[in-house]
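J.: Here are the chains, one letter per residue:
2 protein chains.
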Amino acid sequence: MTPEAAAAARPRVEGDREQEILDAALEVLAEHGYDRLTMDAVAQRAKASKATLYRRWNSKAKLVVESLARMKTTPEELPDTGDLRTDLMTAFCGMGGLTDHDTTSTFGAVITAVTTDPEFAAEFRTQVVGPKSQVSRTLFERARDRGELRADIDLDIIVPALSGIVLHRVFVLGERPDAALIERAIDQIILPAVRPQV
Amino acid sequence: MTPEAAAAARPRVEGDREQEILDAALEVLAEHGYDRLTMDAVAQRAKASKATLYRRWNSKAKLVVESLARMKTTPEELPDTGDLRTDLMTAFCGMGGLTDHDTTSTFGAVITAVTTDPEFAAEFRTQVVGPKSQVSRTLFERARDRGELRADIDLDIIVPALSGIVLHRVFVLGERPDAALIERAIDQIILPAVRPQV
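Residue numbers (our numbering), protein chains in the order written: chain A, 1 to 198; chain B, 1 to 198.
By construction, these hints were calculated from the structure, which means they are not laboratory data.
Just so it is clear, CB atoms sit at the ideal spot from N, CA and C, and this is done for glycine as well.
The reader is advised that the hints may include incorrect statements.
Which residues of chain A face chain B? A few of them, derived with a C-beta cut under 8 Å, are [unchecked claim]: (1) His32; (2) Met39; (3) Gly108; (4) Arg125; (5) Val172; (6) Pro192.
Derived list of chain B stretches under chain A, where covered just means 3 residues or more per stretch with a C-beta under 8 Å from a C-beta of chain A [what the hints assert, rightly or not]: (7) 42–50; (8) 99–112; (9) 137–147; (10) 153–160; (11) 163–176.
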């Protein structure tokens with residue numbers, strides 16, 4: 001058998017099948033949390049063999065991080081309405097935003113693992129949190145360029161604040177992250193904190 | 001045997017022994033997270049029998065919530081320096097505050113369980129989060145009475161914001177919660193957000 005023929009004969013995981021397995025991983029994750037997720041359970045949910053999963057992802061950390069990274073976390077087009085308040089509402093209340101139940105469930109499911117498993121934490125921060133933070137940063141940088149922010153603003157602390165405030169209310173206080181909650185946090189905290197002092 | 005003699009003969013869990021078991025539970029929790037904590041592991045760490053643990057706590061949820069609720073989470077005396085900034089720094093940087101490594105480790109260890117186990121979540125919110133929130137609320141109410149806050153302040157959203165901002169940076173972004181971080185969050189976000197607009 002030629003190497004090409006051998007490669008063609010080897011079962012592969014790609015395209016739609018790959019997406020089905022990643023979706024199954026997200027479902028199992030949301031139901032059981034990272035620590036109790038097993039490759040067996042994901043294989044069963046996706047109606048695939050465990051061997052198939054391991055051919056593509058050599059650990060559950062890699063499978064879970066990839067499934068999270070592929071989630072539709074930002075609108076295709078970043079909002080750019082010329083107004084920070086509207087941009088933030090659009091980004092945070094859209095698909096993959098914090099009012100999206102799937103997003104917050106899966107996020108909650110990995111937080112303990114992030115605190116107890118340094119390897120998983122590093123992958124999660126690079127591949128999942130990094131791109132999300134960059135979206136928020138871009139919105140604030142545009143607002144700064146338009147003169148909406150005070151001169152001594154510290155973007156490193158302001159940019160992730162809204163996520164922190166909302167996620168804390170969802171996970172620690174047990175609230176639903178609806179648009180009204182995001183709006184209160186923007187109007188009561190973020191905008192008063194960033195606007196130029198007269 | 002009289003009922004009194006029977007009670008005296010029955011092994012009990014109290015005083016120092018109880019505290020040792022609760023301390024062991026916190027240690028196991030910080031190391032493994034709630035989902036992977038077992039009564040066996042806590043019993044072994046505390047050099048107690050599993051039966052002893054079950055005589056006092058009929059589930060791991062009850063044992064863990066009680067161990068968290070007993071942690072020294074607030075200074076004996078609530079800070080009351082006449083200045084919101086100093087009060088917040090004192091409360092958040094003290095023992096049981098967010099710069100205390102034990103506090104944040106154990107907190108991270110239960111977050112996934114809070115999102116996946118409604119019974120545990122309810123106990124955790126009532127017995128652990130509630131008393132902590134009340135401390136912050138008192139500091140802000142005193143500041144409002146001193147005229148430090150703007151008139152239209154929404155305390156329900158402001159009070160938990162600092163915890164949310166800091167915990168998010170610790171668990172999601174992977175930072176250490178030192179006094180400098182708490183200070184930046186207070187000076188860049190909380191104080192500008194609450195002070196009266198001129």
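J.: Now, for every hint given, state plainly whether the structure supports it.
T.: Against the structure, the hints come out as follows:
For His32 (chain A), the interface hint holds, the least distance from its beta-carbon to any beta-carbon of chain B being 7 Å, beneath 8 Å. Annotation: Met39 (chain A) was flagged as interfacial toward chain B, and the flag is violated, the nearest CB pair being 17 Å apart, outside 8 Å. Taking 8 Å as the C-beta cut-off, the interface hint given for Gly108 (chain A) holds, the closest approach to chain B being about 3 Å. A least Cβ separation of about 6 Å between Arg125 (chain A) and chain B falls short of the 8 Å threshold, and the interface hint therefore holds.
For the restraint placing Val172 (chain A) at the interface with chain B, the shortest Cβ-Cβ distance is roughly 6 Å, inside the 8 Å limit, so the hint holds. Taken as an interface hint, Pro192 (chain A) checks out: its beta carbon lies about 4 Å from the nearest beta carbon of chain B, inside 8 Å. Chain A is given as covering the segment 42–50 of chain B, and this is violated because 0 residues of the stretch bring a CB closer than 8 Å to a CB of that chain, at least three being needed. Proximity of the segment 99–112 of chain B to chain A, defined as three or more residues with a beta carbon under 8 Å from a beta carbon of that chain, is established by the 6 residues found.
Counting residues of the segment 137–147 of chain B whose beta carbon lies closer than 8 Å to any beta carbon of chain A gives 0, which falls short of the minimum of three for the stated coverage. With a cut-off of 8 Å between beta carbons, the segment 153–160 of chain B has 5 residues touching chain A; three or more are needed, and the interface restraint holds. Beta-carbon proximity to chain A at under 8 Å applies to 11 residues in the segment 163–176 of chain B; the threshold of 3 is reached and the given coverage holds.
Against the hints set out earlier in the document, violations occur for numbers 2, 7, 9.
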